[in-house]
Amino acid sequence: MALTAETESRLYRSLRVAAGAAAHLVALGFPAAVAVLARPGSSECRWGRGRGRGQGRMSQLTSPCASLAGLFSWHPLLMALAFSFLMTEALLIFSPETSLLRSFSRKVRVRAHWALQLLALFCALLGLGIITYNKHLNGKGHFVTWHGLTGLLAVLYAGGQCAGGVLLLYPKLMKNWTLAKLKLYHATSGLVCYLLGCASLMLGMCSLWFTTTVTGASWYLAMLCPLVTSLVIMNQVSNAYLYRKRSQH
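Quick note on full-length UniProt numbering: the sequence shown kicks off at 1 and runs consecutively.
Among these hints, one or two may not hold up.
What the hints assert, rightly or not - Just the calculated beta-carbon pair ranges, DEER-fashion:
hint, residue 1, residue 2, range
1, 234, 139, 34 to 42 Å
2, 107, 145, 39 to 47 Å
3, 141, 108, 40 to 48 Å
4, 108, 223, 32 to 40 Å
None of these hints come from the bench; they were simulated from the model. Virtual Cβ for every residue (Gly too), placed ideally from N, Cα, C.
Given these sequences and hints, build the entire structure.
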């Protein structure tokens, strides 16, 4: 039996609401799980407990490595907060179905989006600075892995994206561009920035620290978290800008 247009619309809306709710839960749950694993400020390195290649001997390190481990432990949490929680919530603010501020005016939502994006950029810059300093103290090279390169690109891109957002607050600075076009380009560029951040998180979950701490089904579940939020955000941006723009031609 064929579904009516109204039934299909309701079903599609219900799926979008369910997906948005899942994105909210994942956005908060993933950093919380990382915080438990990393134990920010802890003087112990959680390298695993005797799993393969003598890793058990590294399960607990003392000074001076203990202080370095305590420094490193802030990096995964700050990056998870930046790209999983703050940036996701900053984008979900504009979701017509699951925005936590959908009852407020667009002006309020834009200001909240700005605040969350700036907080995300601050956490990302702080996380980048910490891992760079930690590598320096350990005498190790940085930005030599795909995770490091992608993370650096994501942070730099986020900075440029925030700077570009100023044009939406003051569109008169770009007299030859319409506000609608600026919004389209900002949303599309923001989606690229978000996907870069999620890719960096996923590559980070392939690191030695994460794979020796999280194994089995838990590792696959963790990898699904950025995928879920990425798909939800992609669908939101596509429906709000890209599909609408195409239908106008």
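Cross-check of the supplied hints:
1. 234 / 139: 34 to 42 Å: For residue 234 and residue 139 the Cβ distance comes to about 40 Å; the hint holds.
2. 107 / 145: 39 to 47 Å: 42 Å, holds
3. 141 / 108: 40 to 48 Å: About 45 Å separates the Cβ atoms of residue 141 and residue 108, which means 40 to 48 Å holds.
4. 108 / 223: 32 to 40 Å: 35 Å, holds
Comparing the model with each numbered hint stated earlier shows that all of them hold.
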